[in-house]
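*Asks:* Given the sequences, and given the hints that come with them, work out the whole structure.
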Amino acid sequence: MFKNLCLLLFVLCQPIFFGTRVSATAVKDLDLSISLPEVQRQKISFEAPDDSKRNQYSIFLMDSSRSMGGRSVKQTKDMVGKFVKESGASKQEHHIALVSFGDEATLLQDFTPDEKQLLSALEKIETQGKTNLYSGLKRAEQLLQEVNDAGQKNIFIISDRTPTTGEKVNTGKYGSKDIYSYHFANAADNLAQKMKDEQQISFRTFVFMDKIADSTKAFARTFFQNIQTDGAFDFKDVQDMDFVFKSKEAGKDFQSGTFNYGSAPAGKDGKDSQAVYHYSDSYFEQSAYAYRQEKNCPYDPRLATMSLNLELAAWSSIQEKNYLLKNRNAKNLLEEIGFEKFQTNHHFQERPSKDSIGAVIAQKKLTVKEEDYTLIALAIRGGGYEAEWASNLTLGRSGEHHGFRAASEKVLTFLDQYLKEHKVTGKIKLWINGYSRAAAVTNLTAGALNKGRKLASGELKAEDMYAFCFETPAGTLKGTGNRDGRHDNIVNVINVNDVVTKVGPEVYPFEFARYGKDSLLPDKETLSVSDYEAAKNRMEGELKKLDSNLSYKLEEFKAKKISILDIFDGLIVDDPKGKGMNKSLDDIIDKFAVERIKHRNKYVNVYQEDIRILAELYFTTRVEGREKLTRSLFKNLVTSMMLGSDATKVKKIVVDWLRTMGLVNHSEVRIESLAETFRELVFKFMIKHPNLSVTLVSNLDPVAQAHHPDLCLAWLRAQDENYQKEKIETPEPSKTSKRILIAGDVDIKVKRETGEMEDYSTDKVMELSTSAAEKTRQSLSKPARRQRWIIRYRPLTTRTEV
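Numbers -18 to -1, 1 to 784, taken from mature numbering (1 follows the signal peptide of the UniProt record, and there is no 0), label the letters of the sequence shown in order.
You can take every hint at face value.
Lysine-lysine pairs mimicking DSS-like chemistry, simulated, CA-CA at most 27 Å apart:
(1) 573 / 460
(2) 218 / 253
(3) 199 / 120
(4) 253 / 193
(5) 633 / 666
Keep in mind that the hints were calculated from the coordinates and are not lab data.
*Replies:* Laid out in C-alpha cells, this is it:
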C-alpha cells in the first residue's frame, strides 16, 4: 500500500520509476520453515435451492444464564451481529427473531429483516438465573407456528451448558446415570425432536465447550449433537466463523460470505479487515470481451468487485506473524468458493526481499456451453510486501519498466510450473488480478499472454482471460500497440486522483503506458453534479460498511500557495486559482520528471541506488511512528525552503531523519550520498515550485486516501448490483476530452467555445485539453523552429486515453 504517502520523495519519484537494487541490509528473521498448524475455520452454510426457499426464518436462542456473563455473552452478541449483517448483504431474504433464556424465555425481537432493530435488541440481553432451554424452544415453536411461508426455518442455540432448570420429563434419551439434571435435558430434547418432525426445522448448536466441566463435557457433546440437524459447533471465537449463503438466481448458482484481507481495521492494529463477497461461476460464462463496447463500464461490475475481493485476500495477512501463514486469507476465500489445489510461490512463504513477488493460485472445473474448462485463479500480492518497494524503483534504461517486467516473468514461470505440476490440460480460463504494484505486474503478464507468450500446458484463448488491474501504475510504453483491441480483456480500474496510477509518467521522454482499457472511477471532473453526487452517496454508504471506517477526504484537497502578504496567517494560504487534486498531481509529476529526473539514463546512473536504499529503509523500518517522523521532516524542509537555508543545513535535517529511522550498516559516505540525493531531487524541486510543494505537503491525507484499497472497493461495490438493492443507472459523461503533451519551444493559441483567443507559450511541458473528436494524442519534442498551434478548448470533463 502507499503508506499514507508520507515520504514526499516517493510521491515525486514513484510516478517516474517504481524499481532498482538496494544495498541496505535487512534484519534477518528466525528460520520459520517448519510447518505450523492453521486455525480451523468453522463454515456455516445456508442453501436456498430454489426461489421458494429464498426466504429464511431464523431464531437465535441465546443462553442468558448467570454463567454466560462476560466474554461469552459478548461473543454471542458478536456472532449474532455478524450473522445479521452478512445475511442482510446476501441474495437470500432473512427474517430474524431473538430470544434469550435464563430462568425463563424472553422475546427480545420478533421476526424482522431490519438490521438496526436487531442490533439494538441484542443489547437488551441480561445474564442471570439458570439455563431453561425448554422455555426458549417453546417460545421459538410459537413464533414459527405463526409463519405462513414455505421458506426455510432455522434455530440457532447458543449456550455454555446443558439445561439446569425448566420442564421435567423422566422418559427420554437420558437417565440418572448420564447426568443429575437428565429430566431437564429430556424435556428440551423431546420438544426439539417434535419440532423437527412437525415443522422440518434446521437446528444448529454453538456451545462454549471450554467452559463446561470435564466431568460433564462428554454428555454435553452428546446432548447438543442429538439436537442439531446441520451442525454442532464448539464456540471458541467468532473471528473463526464463516457464514456462507448459497442461492439460485435465473438458474445460476450464487454464493455470499465474508473474507479477510491484510488492511488494518480502524482502531485494531495487528488485525485483518473483513468484508462481504458475492461469487458465481456464471461470471465466467461470457467472453472477456463481452463488455468492450460499454464506454462507461467496459467490464462486468460483479466480476470486477469479486476480483478486487480476491486480490485483497492475497495481501499478506497482518495478524499472521509467520510468513508461512500470511497467505491464509487467500486460501480460505478460494477454498470457500470451490477452488482446490491451492498453492503459493516460494516468495509468499518467506520474508519479502528487494526483488521478490508473491502470488497465489488455485483451480476449479467449469462447464460453459457444454465445453469443459479449468478455471485458474491467479492473484498477485499487492499489499504487505515490505522490501519489494525497492523493486518498484527499478526503472531500467529503456523498454518496459524493468522491476515490473522481472516480476511479471516470475509470475509467468510460477503459472507454468503450476500447470505442469498439476497436469492441467484442455481449455483454460485465466482469472488474474492485482492492485497497485501487483496491478502493474498483472498488466504486463496479461499483455505478454495477449502478444503470444505461450503457457507450458493447456489451451488459453484471449477471450478466456479476465485480467483486472486496480489503481494500476504504467509499466509498458506508448506506441507498442498497448491500446490494440486484443488487450480489451485487460481492465485498468483507475482513480484519476490516485498518484500511483500516474506511475510512470506519460510525459516525454518517459512515455509510459498501460495495456488494455482504463476505466475511470466516478469523479466530479468527469460527471455532472447530480450524477456524481448520486454515485458518491452510494460509495460513501459502502465505505461505512468497511472496517477501516474511512470518511471520504478527497474533496478536502485544497491548492495552497506561499504569500508574504499573509504573514500573520502563517504564509501558507489557500490558492483560489489553484488546480484540483488530479491536475495538481499531474503538474507535480510531469515537472519533476522533466526538470529533476530528465531521462532514464540519468536516473539509473545517478539516483537509482540511493532511492532504492531510501525505499527499503522506509518500508522495512521497525521504528514506531515513522509516518509522524516523516511528516516532521517535510515540515522542517518547508520551513528551510521559506527561510532560504543553505545546503549544509538541509542535508543535516535529512541525515538526522535517516538516523532516527534506523539506517544502519552504511558508511558515512553512503549516508552523505543519500542526503545529497534527497536535497538534489526533492529540496531543489521545492525551491523551484514552492506552491506545488506546499500544496502536496498540506494535502497528504487526501492524497494518501486516494490509494486506500477500501476506497476503490467502496466505489466498485457502489456500482455492483450484488451490493445495491436499487437499480443502478450508469451515468453518461456529458463531454469527453483528451490530453495533448507538447514539449519544446512552441507558441499556442487556444480558441474557447466563446470564440475568444488566448496565447500560450512554453519551453517545458504544457497540457491542454482538446475535444473528443480528436483521434490521437500528439507530442512534439524540441521542434526545429517555432510552430503555431490553434486548438479549440472545451472544459475538461473525462480523460479518454488513446
